[in-house]
Amino acid sequence: MAFDFNSLLLSFIPLFVAIDVLGVVPIFLSLTEGMNRNQRHTLITEASLTALGVSVAFLFGGRLIFNFLGITEHDFRVGGGIVLLVLAVSDLLFPDSKQRNPEASVGVVPIGIP
Numbered sequence: 358m359a360f361d362f363n364s365l366l367l368s369f370i371p372l373f374v375a376i377d378v379l380g381v382v383p384i385f386l387s388l389t390e391g392m393n394r395n396q397r398h399t400l401i402t403e404a405s406l407t408a409l410g411v412s413v414a415f416l417f418g419g420r421l422i423f424n425f426l427g428i429t430e431h432d433f434r435v436g437g438g439i440v441l442l443v444l445a446v447s448d449l450l451f452p453d454s455k456q457r458n459p460e461a462s463v464g465v466v467p468i469g470i471p
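Residues in the sequence shown are numbered from 358 upward in steps of one, following the numbering used here.
Heads up, a few of these hints could be off.
Okay, the calculated beta carbon distance ranges per label pair [unchecked claim]:
id, residue 1, residue 2, range
1, Phe360, Leu442, 37 to 47 Å
2, Gly380, Val435, 17 to 27 Å
3, Val411, Gly438, 31 to 41 Å
The set of hints was computed from the structure by calculation and includes no laboratory data.
All C-beta atoms in this analysis are idealised placements derived from N, C-alpha and C, irrespective of residue type, glycine included.
Produce the entire structure from the sequences given, and follow the hints as far as they go.
Here it is as structure tokens:
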């Protein structure tokens, strides 16, 4: 089996764009403000393992879950859009109602699972 660099690029580029590594850096820095180096390292490890676990779970079980629930990919996209809309409107209407706690597990949400 030969290594196909073209296939690697075709797989890597969409993932790099979807993950938005450069866009997550300011969010990470704001959420970890006041943490020391060891706490940040632990948070990065937690976020990476969470993202890996969720990705592998959906890679192997995603279709089964969708079939069991009777939803399609388009249903999932519409539902995700509605969730994002509700969160955005909530942030616009009530900007001070939520206090972020940097000591909470931000490695899982929003960094590991956006």
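Tested hints:
1. Checked against the given bound of 37 to 47 Å, the beta carbons of Phe360 and Leu442, roughly 43 Å apart, stay inside it.
2. For the hinted restraint 17 to 27 Å between Gly380 and Val435, the CB-CB distance of approximately 24 Å keeps it satisfied.
3. For Val411 paired with Gly438, a C-beta distance near 20 Å fails the hint of 31 to 41 Å.
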